[in-house]
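Novice: Count the sequence shown with my numbering and you get residues 29 to 171, in order.
The set of hints was computed from the structure by calculation and includes no laboratory data.
Everything hinted at is true.
Okay, the calculated beta carbon distance ranges per label pair:
1. Pro76 <-> Phe143: 18 to 26 Å
2. Leu162 <-> Ser106: 16 to 24 Å
3. Thr155 <-> Leu45: 19 to 27 Å
4. Leu134 <-> Ser106: 38 to 46 Å
5. Tyr44 <-> Ala150: 30 to 38 Å
6. Ala126 <-> Phe35: 20 to 28 Å
7. Ser106 <-> Thr74: 50 to 58 Å
8. Leu162 <-> Thr118: 12 to 20 Å
9. Leu127 <-> Gly50: 25 to 33 Å
10. Leu161 <-> Val119: 20 to 28 Å
11. Leu131 <-> Leu100: 22 to 30 Å
Think of the CB as a built atom: it goes at the ideal place given N, C-alpha and C, for glycine as much as any other residue.
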Amino acid sequence: MPGAIVFLVCVIPLAYLSSRLGQVRAIRHGVALFVAGLLVGAAVPTVPGTVTALVLASAGYATFAVNALVVLWDLAPSRHVVGTYTGLYTVASSAGAALGPALLGLVVDATGWRFMFLDGAAFAAVTYLVFTLLARRVTPART
Numbered sequence: 029m030p031g032a033i034v035f036l037v038c039v040i041p042l043a044y045l046s047s048r049l050g051q052v053r054a055i056r057h058g059v060a061l062f063v064a065g066l067l068v069g070a071a072v073p074t075v076p077g078t079v080t081a082l083v084l085a086s087a088g089y090a091t092f093a094v095n096a097l098v099v100l101w102d103l104a105p106s107r108h109v110v111g112t113y114t115g116l117y118t119v120a121s122s123a124g125a126a127l128g129p130a131l132l133g134l135v136v137d138a139t140g141w142r143f144m145f146l147d148g149a150a151f152a153a154v155t156y157l158v159f160t161l162l163a164r165r166v167t168p169a170r171t
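Generate the whole structure from the sequences, applying the supplied hints.
Specialist: This is how it looks when you write it as structure tokens:
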């Protein structure tokens, strides 16, 4: 319950800021902040560095999470397919939530715990590049 309250306190300003900035741009900045947080964790492997890295990465992920479904709803060509888009998002999100940690775990097993943040940053950078390429295909009227 306390975690949910803190999440809501943080999400409301993020949602307001995102509506002013634009959801696609906010997602792009959120993923970039997530990568930056992971790079801080890789560069400064101390307790304060790790805490700073997790705070930055969490803020970036929250910015992504708050806006991803809203952008998907805006991409739906009509009201009749919003449910289908939401279902596809849920399946993709669940698959990513299951496969992401598994893939990162495999890479960490190969490279060691010291490079976990760097490995995660590499995966997130690929996500950023794919999102940036896909976001360019979306017309400005729909963002």
